[in-house]
Each structure stands twice: as C-alpha cells, then as structure tokens.
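> Residue-level listing of the chains:
Protein chains: 2
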Amino acid sequence: MKMTIKEKILSQLLAAKGEPVSGQKLADELNISRTMIWKYLKGLEEEGYVIEAVKKKGYVLQSIPDVVSKERISPYLTTSHLGQNIMYYPICDSTQNIAAEKAREGAPHGTLVITEEQTAGRGRLERSWDSTANKGVWMSVIIRPEISPHLAPQFTLVSAVAITKAIEDITGCVAEIKWPNDLLMNGKKVTGILTELQAEMDRVQSIIIGIGVNVNQEVEAFDVSIQSLATSLKIETGSEVNRPELVAKILYYLEKYSNIYIESGFEPIKLLWESYSCTIGKRIRASLLKETLEGVAIGITNEGVLQLQLDDGEIRGIYSADIHLVNKS
Amino acid sequence: MKMTIKEKILSQLLAAKGEPVSGQKLADELNISRTMIWKYLKGLEEEGYVIEAVKKKGYVLQSIPDVVSKERISPYLTTSHLGQNIMYYPICDSTQNIAAEKAREGAPHGTLVITEEQTAGRGRLERSWDSTANKGVWMSVIIRPEISPHLAPQFTLVSAVAITKAIEDITGCVAEIKWPNDLLMNGKKVTGILTELQAEMDRVQSIIIGIGVNVNQEVEAFDVSIQSLATSLKIETGSEVNRPELVAKILYYLEKYSNIYIESGFEPIKLLWESYSCTIGKRIRASLLKETLEGVAIGITNEGVLQLQLDDGEIRGIYSADIHLVNKS
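Protein chains in written order, with this note's numbering: chain A, 152 to 480; chain B, 152 to 480.
The set of hints was computed from the structure by calculation and includes no laboratory data. Some hints could be false.
As the list claims (entries may be wrong) - Under the rule of at most 30 Å between Cα atoms (straight-line distance), these lysine-lysine pairs were calculated in the DSS-like manner:
id	chain 1	residue 1	chain 2	residue 2
1	B	K421	A	K441
2	B	K441	A	K253
3	A	K421	B	K441
4	A	K441	B	K407
5	A	K253	B	K253
6	B	K253	A	K441
7	B	K208	B	K190
As the list claims (entries may be wrong) - Listed next, the stretches of chain A that the computed footprint assigns to chain B, with coverage defined by at least 3 CB atoms under 8 Å from CB atoms of chain B:
id	stretch
8	302-311
9	339-349
Said to hold, decoys possible - Covered stretches of chain B, going by a simulated chain A footprint (3 or more residues, C-beta under 8 Å):
id	stretch
10	298-306
11	339-348
None of these values were measured; they are calculated from a predicted model. We put the beta carbon where it would ideally sit given N, CA and C, even for glycine.
Use the sequences and the hints to build the structure in full.
This is how it looks when you write it as structure tokens:
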C-alpha cells in the first residue's frame, strides 16, 4: 500500500520507539520543508498523538491515540486486498449502512468501513447492537467474489472462523461459534456477525460482512439486563487488547479463508467451523419463523445449512433460526 | 388506494368521456373553491392533459398525455400491493438504481419506480439497455417477500411468466421466454428482466424486479446494428399499445404469480414457464464465465436452475449463462 506523507512520518516516529527523530532528517528524506514537517506533526497531534519536541534532538512520540483509524491499522496489515482501502469514521449510524451505500457506488473489493462508535448499530433481523465508543471493533468489509449468490450464505461461517482464529492469535483464548453468527466466551456473546448480500439473480455484486467485537469494555459498560449475556475480550482475558492489531488480524484470516472457500469449496472451512462450534453434537431448540423445533444438531451441509435431527429420527435442514442449547430432562 | 384531489378531478373528467364536467359540481363534491379547481386543472395541463373550458357547461378533457405517471396507471390497477405506491420520474438514470436506494431507505412492499426515459438503463451483468423516451415501459418493482434468499432466484422466472401473460392479455400475441431473462417475439428481444436482491444471509430484505419492455417503438428507433435482434410490441402487432394499461396488467400478474410461488412453491410456475419457453427441448450453446457447453436444455429445477444434457449424457445444472439456440449440423 502506498503511504501518505503523514503515514511515513508516523511510521518513522513509531519505528524510533521513544527515541527522538530529527526534523531535518525527516524533511530531507521526504523532500519537503521543515515547516511542512511541523504542519504534519500538528495534524497528528490533533488526531490524539502526543509528540514532544526535544531541543536539538528532534521529535519523540510519547503516546498514540486509542483509535482504529487508517494510520493505526495500516502498519499491521498483511493482506493483498482486504483493508487496503479504509474508510474511518469517528462516529456513524452504522458501518453496515455506509458500506452498503459505498458498495452500490462502486467501492473496491476489500474496502473496510470502520468506526469508533455506532449510533444505530444493527444485528441480524434488524435487531439493535450496542456499540460503545472506542471500546470495540465495529466494522464492515466489502468483498466482491465472482460467485453465484447461492454460494454467498457460507460467508457468515467463513467470517466466524476467521474472527475466532484472529481472537485466538491475539489473546490466546478461544471463542466458541454458535450457529449461525455469534461467537461466545464462557457462554456469553463477545462477537456478532451480520452478512448482507447485494446480487443479481446469477451473480454476486457485493457481500458486506459486518463485524462487532466487544473488546475493551469493562463489565459496567454493559446494561445490567445483558451482563449475563454479553462479555468482552478484556473481561474474559484480563488484558487490554490492541484494537488496530486485532482488526488487521481479522482481515488477514478473512482474506485467507475466503480465498480457500472460493478456490477449494466449503469442505476445509466446514471442518474448521465444526471444530470451533459449540452447537454441533448438542441438543438444541431452534426458533424458526413459524415453528420451534428441538433435536440434536448433527452438522452443517456444504451450503451452510444446519442439520437438525428430531427425536423421531427425521433430519431437517435449518436455513434460519435462533438457537438455544437445551439440557434434556 | 386513496386518491388525491387531482386524481379525483381527473377521474371525473375521464369518466365523462368527452362530455363537459361542471366546475361548480366538482367544487361542491370535493368541498374546495372553484379557484382551487381551476388551479388543479392548470396543473393537469402542465402535465400534458388538454382541457377545454366550454362556457356555461364546464370542462372537457380533449386529450391525455402519453405518459406512465401515477395518474395514468392508477385507474387500471387491480392489485392489493404492487403499484399502490408509485414513484414516477419523467427522466432518470436507471429505475433499478433508484429502486435499490429507495428499498434501502424502507420503501414499502410493492413500490413501483417508473420513468419515461433512462439515461443509464442497465441489464444483466452491467450491460447497457437502450430506453427510448416515452416509447417503452421502464420500471422497477420493490417486493419484500418473507423468504430465505435461496428462494429468490426464481423471481426472474416468475416475472418472465407474468410479463408474458400481460403482453398476451393486452396484445393477443404470445412472446417466448428465453432462459433466464429475455422475452422474444419472432426471435427478437422485446423484453428484458433484471432481478436484484438485497438480503441478509438468511432473510430477503428486498427483491427489485427491473423490467424493460419495448412497446411503441418503430423499427427506426433501434440502432441499425440491433434491428435484427430487437423489436417492439408495436412492430410485431401493428398496433399502438396503451402503456399504463400494460403496466397495470404486468403488476397484476406479478402479484398473482408471486403469491402462488410463495404459497405453493415453484412447481405451478415452472409448468407455466416451460409452456412459454423457447429453450426447453432445444439444442443450445451456453456461454458460462469460464467455459462454453453445448447440449439439449431438458428443463429447469425447482431452484430455477437450467438442466443441460451434454452429448455424453451428463446433466449439468446451469446457474448463469448466455444461451444461444443452435442447429446441430
């Protein structure tokens, strides 16, 4: 990715790890005036970077803002496409809404829409999603695979595996996947995924993968009514998580697993998904639009459809439902 | 449908069939002043209606504009939902683009977006579509069925049957359906359908059915390069077609067949579709994204997938392709 001058200055300050960086050296290397260097540093300070000028030595980066801006994410990126175009909003209604609009307007494959705070975040079935400011990862990724729409639903499961792997890499802790689109830790929701599709009948135009991860919230950040249902990576692991690094890691695995799915089919992803699932092999109750079914979740098909074996032995394919684990009495 | 005052005045003028309608009577019935009546009549004249004031007798509707506005379509409507909300544009880039935006903003089930002329009409795979001013039907219908996305592709076929039936009712002539989305007369294209989907992975948000019908064009309206490929209802039947009536008839059959599909499955629609098809039973060449296949089209599945029997007997399911009829030498 081509870096802007601001990003180049920032990357030098970061690389110096607390040592001063000479203003003259920066000016020479970037072939701009020292006044321009000073202006860029002022710009960084406005974004929350704390930069100290040490006389006759140079500039020292004292602290970096806790934001998920392009400048903060880019240094961690190892992808070819995902996140190579970043649209950052300090606050917005919903990254999913913005991404859908940008997708229609032609935003390229891999575009990331990310924010600190959503005023109208939403989950599956238009349910609301609480997105505390600066404490989570609230993002939407636009991908444009050349596939038929009937291959699109599996991307919810591809995404679930990618996020689980990223969380495992960053925190050392493993989340469980609850079909179709939740990640749990200790039985509490830590991540939701909302995958939306824009398509012609025989061609995907774009898939928009919305991801909400509770990262650095304390227990008190959650309303009392949901404290038994929701948790954050910090609550579960005891450590603050570097959000830009987590974002980059999610994008890495999302790109990797998407490519595997498109090139080799769903089989390899399915194995990973099943290994992280807390649903398969368990007795569950599935609330569908028009009925409620109970039985054992015996697997998912290559179409991502949950296979539920009822007590009379019949196997039903579940395309859409809310799932609850049950203890048979 | 609730009529506006303008629509009420117009419907009285139309009902009078060339006889004068008293301005005082209109004012009394609608409980507004004669000055207001006069203002509404001026408004209608600005839209192209020719209204003569006959002294001491009243107003006579001399001619109606050849447009597909809400006022012109509504009197023909016999639907419960489709077309009950009409958004009319004398000119626009693409009804499909407008409908997609309105759908995202929450436009209700059945909303019709219709125009006289498109500056950037488009067909399948982003191909351009020529939309001559005031001579065709260029429209998009937003529907919001409560179904899973894997049931959505069939709506292209539902729409093809609906439009064929509407054309048959209005002109007495029968078009042939060429899989997946063209209607032909005498082997030339008279209608294109572009069906687009906005969906969560397990729920349709909206299906936008874009319909382009060549209606009253003369041969010269088509570029010489496509005169052997494209035709209009007028060219084929020799008669001018009442476009608002055709629109209302398309909406009627689209609503009827959509309801049958949602309630009873694809089987009954499939039978109709096959009876109008010029593809089934024929030898065809199918150009896919990465290969070209030749064989006999033996039917469609309940998923709307074309079944192609290759010469070695293998049957391939075709989700997306351009189809050409071939004569085996």
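> Going through the numbered hints above, which ones does this structure break? Give me the numbers in ascending order.
none
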